[in-house]
Each structure stands twice: as C-alpha cells, then as structure tokens.
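Chains as they are written, first to last, in my numbering: chain A, 1 to 316; chain B, 1 to 473.
The hints are simulated quantities; they were obtained by calculation from the structure and are not laboratory data. A hint or two may mislead.
[Said to hold, decoys possible] In silico SDA-like links for lysine to any residue, alpha-carbon gap of 25 Å or less:
(1) A:264 - B:261
(2) B:93 - B:120
(3) A:263 - B:268
[Stated by the list, open to error] Calculated from the model, a selection of chain B residues having no Cβ within reach of chain A, i.e. all distances over 10 Å:
(4) 37
(5) 104
(6) 120
(7) 125
(8) 147
(9) 186
(10) 200
(11) 218
(12) 250
(13) 267
(14) 296
(15) 331
(16) 362
(17) 389
(18) 422
(19) 473
Don't be surprised by glycine CBs; every beta carbon is placed ideally from N, CA and C.
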Amino acid sequence: MSMLGRTAQNLFWLSRYVERAENMARLLEVGYRMSLTSRREGGSSEHLISMMKAAEVDEDFAKKDKPADVDTVANFMMFDPTNPSSVYSCLQAARTNARSVRTAITSDMWESINSAWLEFSQIKPRDVRGAKLLGLLEWVKHTSHQFRGALLGTILRDDGYAFLQAGNFIERADNTARILDMKYYVLLPRAKMVGGDLDIQQWTLILRAASAHRSYRHVYHDRYKAHNIADFLILRPEMPRSLISCARFVEQQVDTLADFYGKKQDCNNSAGKLRAMVESTTMDSIFANGLHEFLTEFMARNNRVSDSLSESYNFY
Amino acid sequence: MADKPPFDEMYNPDGSVREPYRALAQWLEEQPDKALTLMQSDAEAIFRKLGITFAVYGSEEGTEKVIPFDVIPRIIAAQEWRRLSKGIEQRVKALNAFLYDIYHRQEILKAGRVPEKLILQNSAFAPEMMGLEPAKGVYAHIIGVDIVRVGPDEFYVLEDNLRTPSGVSYMLEDREAMMMLAPDLFQRSKVAPVENYPENLRRTLESVAPAGAGSSPNIVVLTPGIYNSAYFEHSFLADQMGATLCEGPDLFVDGGKVYMRTTMGPERVDVIYRRIDDDYIDPLTFRSDSMLGVPGLFNAYRAGNVTLVNAPGTGIADDKAVYTYVPEIIEFYLGEKALLQNVPTYNCTDDDQRNWVLENIADLVVKEVHGSGGYGMMVGPTSTKAMHAEFKKKIEARPDNYIVQPTLALSTCPTYVNAGIAPRHVDLRPYVLVGDEVRITPGGLTRVALKKGSLVVNSSQGGGTKDTWVLED
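One chain only, chain B, in its complex shape (with noise of 0.2 Å):
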C-alpha cells in the first residue's frame, strides 16, 4: 500500500487539475509572486490577535500557539460531500442506537454480535447509565467523524470522535480568515456556508432539554477553564450561542436540580454542553479528586432535571477496540451495509494476527485503544527500529490494550511551505450535531501535516488546518 503515490486531491496523475479544483489552481497561477508570503503571514497575525490559540502541555515558552493555518483551501465536490455526510448520517445513527441498547436490553451482545467482554469490561462503559433515559434517545449529541481518503472514490473512517471533539472553532475561523484573505477566490466559487454552525448546535441542545425546561431553555457550556488546551473553543462556541460559560465551581446541585450562581443567586440550568470527560465531571459519582466538576451532577442528570451533552458513558462507542464492529453494529441496527469503510484492523488478541503484526510492524500503524490526539501511538515507517522493538514488547506485554492498521496512504492537497507549493498529507473531520435532527455543516476541519512525508496530523504534534470548502452544485 505505501509504494503506490498518494491519492492527490488536485492533480490526476496525468498532471492535469482535478473538477473542483479549477478555480483555485487558475488563482493561484494568477498570484503574484510573495502574495502567498504575505497571506501566510496575515493569516497568522489574525489569529495571533485575534488569541485564537491552544495550549501546549508541557512546553515551558509560551504555553498558548497559534495552530499554523494553510492558505490554501481543501475542496470537496457536491457529489463526494452527498456519499460522504450519507454515509456519516448512517453511522451516528447506528452509535446512538448502539448506545441505547448497550445501556439498556444488550440485545448486541445477546445476539453475539459484539462481544460481551470486549464491553461489559471496557473501561469506557459506565454501568451508572445502565436504564437511564437521555431526552429524544441521544447519547451523542455532537461528533466529530475523522475520515481519511486513499483514492478518488475511497474514503475510511479512522475514528468516531464521540465524546467532546474538539477544532470546529477552527473550521470556523479558518473560513472566517479564508474570507477576509482572499475573497476573490470565494467569488468564482460555490461554497456552502459553516456559519450556521453554533446556530445548529443551539437548536440541538435545546431539543434535548428535559421535558420540564419550557420553551427558551438555559442553556451552559461547561469547560475546565482557562488553562484547558481547548479552552479558547469553549469560550467560542459559548459566546457564539449566547450560552454562559461556566466553570465547575460556578455550578452547584441542590434537591436534585442544577443551578448556576448568578450576581442574582441561584439560577437553574437546564442543558450542560460539556467539555470536561467523563471521569471529571461529578466527584461523587466518578472521580472523587476531580475539582473541575459537580458534585451531585449526575444523580441531577438520572433524575431527568438536566441534559448532559454529550451522555456520560458515551466513550463506549467510540473506544478503538468497538470500533473495529461499527460495520456489525450498523447492519444490526439498521439492516444497512456501511456506507463508509472503516480501515481494516487487527486483533492482537488472536495469536496469528499477532504474530503476523510483530513481524511487520515496520509497515503499520499502532495505537493505543484509550490514546488520543497522536499520543500513545507508533507509525512503523516514520518510527526508528527502538520504537519498533519497544512496541513490540508493548504489545506482547498487553495485546488488548492496541490495534494496529496498516499504514494507509493519505491523500494530498496542495499546501503553503517554505520551498513553495507542495503536497501534504491530510485527514477530515466533518461535525456532525445529533438532537430532534441529524445535522451535518457541509465541510468541516482539514488537518495538514506539515512536515514532509508526515502522516501525522494533530495539532500536538505540529500538524495545520486548512479551510474545507464544500462546492455547492
């Protein structure tokens, strides 16, 4: 698979532009030259100002980065969005309704489609939620899909980001910076708006408040503070729907209700949008040294007084080692084939497969079922044989605890470096809000990893974004 080139989003092999791409290879023909230079470093003076920034654990000198942007856009055609949000669609559909039956009859594991141990054991199944009944069913009110494509017509699904995604901040602020960068390309452009985002994801919390919360519920994004990586997100997405931003200290239970402590004394909250993990959020139910949660939060939630967003036990869903039965899990819920693929999988449990990994670890990618955002995993190419040999123990030591892939070619887009224009590996993360509706922003956030031959995306390892534009017909 990795000697094949990779997929390019803007040339065909023939070295002529791909459809719709068009427009935007005219435009770049037609910049003059350093007017790339100069958009670079505009785009990152707006951001610097506008403190559009994550934090860096761990790095000492500045703790808060501006996470590079790429002027040059990633597009989508119509028709690839259609199968791409079809198939999306399908999926969180069939996660909810995974997650309904998981915390209430089990007929999955029953019926021996998934097995039991894999999540009666699983350290993301929270059995506090076992008989609750979350408002219009939904567990997984807001998801972020990681899609990867290999080919023209060959999309994977590497994860379903089921518990707090984060980045559509960025989605929107890239395409606000994108605007005001280069309008004129918009202009000879279709492209569908993201802007309806926070109003989106408004409607859907707001479908989901508890039958009692009448009709302008109160609404709360919950964030750990000003010290959380995604903290600038939180205080985004809050102001950009008029919700109040609070923290775990601003909140309190009383008799079973959630409140909030206003200049006013105490105000009842009805939907809590929160960004803080499961573990944390209520000392007296889960983690008792938490200080950034609630205490009581949870016996508030079974009570049916408030919504949490995303459900508490969600992660079930989205843990690397279910991942691998999503396909099932659809055809079981739906009667339906995936509409996308999930990218194939091994099993070190399985002695074969395990052996088989070992021997050709040099060629695949490893990751650790509980890891996330780039750490706690192994691409064999790009990876020294010490790494090699240190996973393989890894691996041997607790097989349960990885999956492993092959290496898969991501595709390309055009992207700004210091040599010029050239090609970079990206990925795609569509937003998807889940309440009385599905609703999908067409686009979403493009990840570009910077370095050459990278694979590796995430912004914590020094990956970009891009602004996704989606073509309209």
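Extracted from the complex, chain A is given alone in its bound form (with noise of 0.2 Å):
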C-alpha cells in the first residue's frame, strides 16, 4: 500500500521546514557577527541587509519601512509571522504539518517538533536582543539537531523516509548555496578587497554558519583560503553541508524511491543533472565563470528537483 501524495508531500515539507528553521539561524547569526565584527566598512546595516538578500527576503523587510539594526532584522528573521522564512513561520509550518502526518511519523519525532514549538511559542522577542540572541540561534540549531536525530532513530526505512531526507537534503543545499552567495553580496561592491584581512574574516564566517570551521582545518592543513572555504562546502564529498554531498544524498533518496516503487520518473533524472553539475566541475572554473552565476544556477536545477518530485509523486 503506497501513502497518499499529501502525507508524502507533508513529509517531504516537514523536514524542508525545520532544516530552514535552522539555516535562517545560522545565517543571521553570520549577518549578526558581521555587523559587529566590521563596523568601518559602511556601518552594521549593509551586512544584514546582504544576509537578508541572501536569503530572498529582503524585499518583504523593505516592506516594513524600518531601518535594518540588530534588533529589527533579528525580529524579522525570528519571530515575524509575515516572513514566511521566519524560524517562527518555520517551526509552525514544521508543526502543522507534521500534526497532519503524525500517523506517518514516529512518536519522537512528534513530540520533538511539538516541544520545539511550544517552547519557541512562548519567547517574547523583546527578551532575546544583544547577547541572548545567539543562545536562542544555538537553541534553534539545537531543536533541529534533536529532530532529526529522532528521525534517524525512530523512523522506519521506507518511502517515508526517503521522502523526509530528500526534503532536508534539497532544502540543505539550497541553503549552503545561499550562505556561500552571500559574499557575493557582501563583496561584491569592493572587488578590490579580496584576499584582505577583511575578506578572509568574512570567508571565515561562511565557514562557520555552515558549521565547519574546525572540520576546514582537518581537511586542508591550511589557513583560511577563499578557493579552499569554497571548494569546502562546494565539492568536498566529506563535508555534510557541501553541495556535492546534498546532491548526491537527495539522488541517492530518489533511487531509492525509485527502487521501493518499481519505476524511474522525472525526478530521478532532475536529481542525476543536479549531482552531476558539481561533480563535473572544478574551483577554477566556477571562479572563472563567477561563483554567484554558479550558485544561481545550481539553485534553479535544486528547484527544479524538488518540482520534479513533487510531480513525479503526486503531491497536492
């Protein structure tokens, strides 16, 4: 017996959801310690107004007609119910649609996201501003890393779950591409800045809103290098939040939906075109060609595996 088109899409959103919930923490956490860390090059501003490019939601806060500080694009990105990217519109949507599935999902799972949000529904915003904002950043990571521990834990290897690691892997990739894309923005008016002291710092921040400023170490035996920090969470296969791991995982998750149901579709060749345009390409080019068109692209193919799936299963 196959589930229904909407529990699948449900899954696959579900973890969508909660993965974003906690990339839009770690990018604000990067726009955050960029406003404070390099305050000569064009005040505070500049940075968040970058991250929020990164993320796609710089319009809607343009939006509001208020200045973009700490405090107001903290909101924003938090606790605003009209961003939809907001942690806050995140772990709802997360909830409710794992309150749709919840006979499709395992108890540890539930009771995991429903905490998260009860817990998250009850913080006023006005008491997270300066140093307790970075607490609630960790704590927003943290609910995610509890999720899908339960999820790896608890759930049964099935279509299920195959749909629930495609969501979390796509969503992943879009994301790294995103925090990656933001020193475009960030650098893109001072070319003449790069291989500075203040471009490696930057290059250092993506780094670690991907998590991976230790690990950088591991692999490279090396300083901070912008080819080496982009070919870290581009074409590193051993490093978990690079693109050319999530391609490869979410080709990997559409096989084996492919396998459980007896038959290839659209997605499973969308996902193959996506694994292989990081896997046939070098630093050199991408930087040659321009890593922001680079990342465009890679972006669009993502999309366009996540639409693929969506056809090719039946989601509604």
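Could you fit the two chains together into a complex? Lean on the hints.
What follows is the structure, given as structure tokens:
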C-alpha cells in the first residue's frame, strides 16, 4: 500500500522547514557577527541587508519600512509571522505538517517538533535582544539536530524516510548555496578587497555559518583561504553540508524511491543532473565563470528536483 | 431527588470504603504529602508533550487545550460491569435492528409503537438510506453510550451516541498515563485491559468490508482535518489501527468506486471510518456547500462498493426525542425488557406535561433535541432566573425541539482538586463495537465535572477525565 500523495508532500516539507529554521538561524548569526566585527565598512546595516538578500527576504523586509539594525532584522528573521522564512513561520509550518501526518511519523519526531514549537511560541521577542540572541540561535540549531536525531533513530526506512530525507537535503543544498552567495552580496561593491583581512574574515564567518570552521582544518591543514573555503562548501564530499554531498544524497533518496515503487521518474533524471553539475566542475572553472552565477544555476536546478519530485509522486 | 446526597462511588454513607475501592483507598493513604500534586503536574506535562489536545472553537488564545486529567481512577466492580455490558449489548442490538427496520419495512411505525411523524419528519432521518443493505446489516458500528449512576444499583442511560462518538483516545491515553504515574497501584489491583480497543476496531471494520474487498481490505479514517476538535483522536486511531488518515480531497470516486490519491496513483478504498457528519460527507447527495466530503461517495456506498462507518442516517436512532422510545424499541425487536433504564423524560408537546415542566423548570434539565456537547442545554438548579425565563420561552415557542428531564443526582468520585481530594460528579461513556460480533471494551471514559457541585461533565464546558478501571474477578 502506498502512502497518500499529500502525506508524502507533508513529510517532504516537514523536514524542509526544520532545516530551513536551522539555516535561517545560521544566516542570521553570520549577518549579526559581520555587523559586530566590521563596523568600519559602512556600518552594520549593509551586512544585515546582504544576509537578507541571500535569504531572499530583503524585499519583504523593505516593505516594513524600518531601519535595518540588529533588533529589527533579528526580529524579522526570528519572530515575524509575515516573513514566510522566519524561524517562527518555519517551526509553525513544520508543526502543522507534522500534525497532518502524525500517523506517518514516530512519536519521538512528533514530540520533538511539538515541544520545540511550544517552547518557541512562549518566547517574547524583547527578551532576546543583545547577548541573548546568540543563545536563541543555538537553541534553534539544537532543535533541528534533535528532530533529525529522532528521525534517524526511530523512523522506518521506507518511502516516508526517503521523502523526509530528500526534503531535508534539498533544503540544505539550497541553504549552503545561499550562505555562500552571501559573500557575493557583501563583497561585490568592493572587489579590490579580495584576499584582504576583511575578505578572509568574512569567508571565515561563512564557514562558521556552516559549522565548518573546525573541520576545515582537518581537511586542508592550511590557513583560511577563499579558494579552499568555497571548495570545501561546494565540492568536498566529506563535508556534510557541501553542495556535492547534498546533491549526491538527494539523488540516492530519489533512487531509493524509484526502487521502492519499482519505477524511475522525472525526478531521478533531474537529481542526476544536479549531481552531475557539481561533479563535473572544478573550483577554478567556478571562479572563472563567476561564483554567484554558479550558485544561482545550482539553486535553480535544485528547485527543479523539488518540483519534479512533487510531480512524480502526486503531491497536491 | 436533588435533596438526597448523591451516591458516593468510594464511600458508604457510614464512611467505610466500598469494596472495589479498598486498594485505592489504602494507596491514597500511603501517598506522601504533595505526591498527588506532583502526579497531577506530571500528567499535565505528559499530555501536553504528546499533543493530546482538543480545539476549543471560538477561543482566541491557544486554540488547542489539554483536557484536564484526574489522577484518581474511577473503579467499577466486575459484577457491576457484567450488568452494564449486558444492558449495553442489548441496547445496541435493538438500535441496529430499529435502524434496519426504519430504512426498510418500517414495521415498528406500522405497529404504532413509535410515532411515524417523529421518524419521517425528523431531520436526522435520511430518506436516501431507504432500502439499502449495509454489510452484515449493521448501521451503528461504533457507539459510545453515556451512562450515569445514581445509586448502588441504579444506572441510567443518558444518551446513545451512534453517530461519531468521540473520546476513546482519551480512554486509552488516560490508561497509559495512569500506568506511568502509578504503576504500584496497578500491581495491587486486577484491572481489565483496554489496550486492545484499536485491534478490535480494526477487526470490526474488516468484518463489515464489502464482499469484493478480499482478505485484507483497505481501511481509511476520514477526518475533517487538523482544525477539527477531535483531530488528535482521528490521527491516533488511524495510527493505532495502521489505517490511512485521509481528508476529503485525498479521496475521489470514479465509476462508483472510491480511491485515494497515493504517491503511485489511485488506490481502491474499501472501508471508511468517517469522522465527518452525514451532512458533509458527499456534497452531491447532502450539503452542496461542504468542502469536507467526497463528491459521489454516497453513490459508491449505495452501489455496495465501499462501507461507511457509521452508516449515514444512524442519527435517527440517537435522536433525543427517539431516545424516550428505546425501551419500546428493545421490547419490539428483542422481546425483552430493557436492562438499563432511561432517564424519565417529559414530552413538551403534551399540554399537561408542558405546563408542569414550565412551572418546575428550576429543578429540571432542558436539552435541545439536536444539541450536543453541552451546548443548547440548561441545568435548572444551577442556572439563573433569567435563564429559566429564556428557556421557558424557547419551550413554548417550539415544544418539539426540547426534551426535559429531572436533575439527576449523578454519583461522585473522589477527585484531586486545589483543596485536596473532594467528591465530584462523574458520568461514564463505555465504547461498543458492532460488526460480526459485539465487542465492548471494559471501562470507558469517565468524565468528571471539576467545578464543585457542577453536573456538566463535557470537556467543552470545563470537564475533565479519569482513568476507568473495571476490576476482574
């Protein structure tokens, strides 16, 4: 007996939203730290706006007609229900999805997302200003880890698992690409600074946003260098948030689905193309043709995997 | 009736403990200070964490609430339960026979034992069901009979819920919670298990699958969705039975057959345990504005291609006005006297009875014939003069829309409240499954009125629940 198309859809989006909440917290952390450490470069708001551009929420923020300072941006990224990518919106959507598919997830998964939502909805935005903000960002990451832990530890390895994992890693690929792309928005106006202290510092923060600043050393035994950092987050299969490992993993999941249902579909094709795109390139060619252009193309193809998966398995 | 102190389930009038409550009484005595307070807050935390909630319509803040759970169980002795379950079985058999008759030859109307007008002009009567043969002749498969106790041997049936009785998930979760909170108390008692309810539900549903469904029929639970007050229960039951939880848009009808939209395309559905009211299940047959149902579902049902549980039109048998005839109904179909009593009910369309009711309204309970969940009712002794006047007017305007009963002195059970342990009024809803056989789960849901003196136990009106123990011999 196969599952409802709606159930598959809810599972897929459930884990996408949890991953997205985590990554919104990561992005905000980078934007926030950049705004603290590089004040001389034109004040804090610029970095925060770059961060929102990378998250594609800058236009919604502009509509609010508020100055972009740490408080307003943090509030918008964390608590604003009108921002569909805010942590608030993501956790709420994740919980609603989880409630709709309670019969398709384990009680450990349900309890993890349910208590996260209950806890988060108790928090008052004004209580997490300043130093408390980083603590809350940590909490969001832990919440996501906990949910994923419950998922990995308890759910049956059937089609539901593959939909959950595909959603998780499609979202993660998108987010890693966005975190990297932030560098483009931050640096673009000042290309002459490439290679300078500030440049490296910003790359470091990017690594940090991907929780990769320690593991970087284990792979490169080298100083932080733009080339290596981009390589790490795009082409290194050992790095669990890199584009290549996400793309490979997504392809595995859709192949698992094809095996489970006994039939290859469009999404197998688009997932294969996405993986091939990162496997067939090098850092030199990415930089030569433009990092931003590469990332934009990657995100578009990644989206295509998501769309074709929805079509192949009758999401509605 | 209201002057006599209510029957206490735990203590005899002389203060001694009634036999079934001996172990509990001793256990309560042994509990250190604060132990119950702690248990109570643990219970609250468990229920909230598990998300065992119900939605409160119209309440702004936190639309999901946890039903208050009381940590002191209600206990029913083995012989008391035997009596009750015999009476319940008799009732559900007669009511199913009644439904079959009403939708076929209508012998009981021809014999004049139940007034024709009461049935044929009743909004709960579904003419679409005439002549239809449900699998195994069963209309009401899942029933929750509301029972109150007023004395050691006096049980009354308040209501037969034959449409979509809810609360069975609380019965099961209350037991879970109680086993977690007080395992030592279980060790001292022999409590009949309730845990096989989901398994029995599945067997019941399989047993009424259409003839062509094969040996493992595809069973789904049809819910109005996550915003329905009983959504938790719908997902819980689907989960426990291994059935698919569907909403209207997940199903469609093609060529008189019902399918669900799966990841691999359409898949045939055989049995639908629907938790959507009759009016909403099929916009083509019933309410055309319904977004909850499945267009064409009723025709698929009529064609015998799918089983609907409970059958449409069962509401005619739990109509509050029909209720007064249940003892007649039992005699007519089974040739037996009713084992469980009805609450005496006044008929307001009769001039003498109505006049008496209007004069004595302050002592009476008035219920709207089609009201449910504590809405549209008035409990005389605890209502204001203005309310009495309002309901008098309502009865005068539409005497057929109300039934009136004396205020029963519902039994009380010791209950944990702010002030400590105090008696509170309770009722009981045992759950019955009817398919190839009748299966009654020992126990049921005990609802408790948490407010001192209150007789209203509905969760929508602030009532709570208790684990219900049927002792084994």
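To see whether the hints hold, each was checked on the structure:
no., hint, verdict
1, A:264 - B:261, "holds, 19 Å"
2, B:93 - B:120, "holds, 22 Å"
3, A:263 - B:268, "holds, 20 Å"
4, 37, "holds, 22 Å"
5, 104, "holds, 36 Å"
6, 120, "holds, 40 Å"
7, 125, "holds, 34 Å"
8, 147, "holds, 31 Å"
9, 186, "holds, 22 Å"
10, 200, "holds, 19 Å"
11, 218, "violated, 7 Å"
12, 250, "violated, 5 Å"
13, 267, "violated, 7 Å"
14, 296, "holds, 18 Å"
15, 331, "holds, 44 Å"
16, 362, "holds, 44 Å"
17, 389, "holds, 44 Å"
18, 422, "holds, 31 Å"
19, 473, "holds, 35 Å"
In terms of the numbered hints stated before, the structure departs from hints 11, 12 and 13, listed from lowest to highest.
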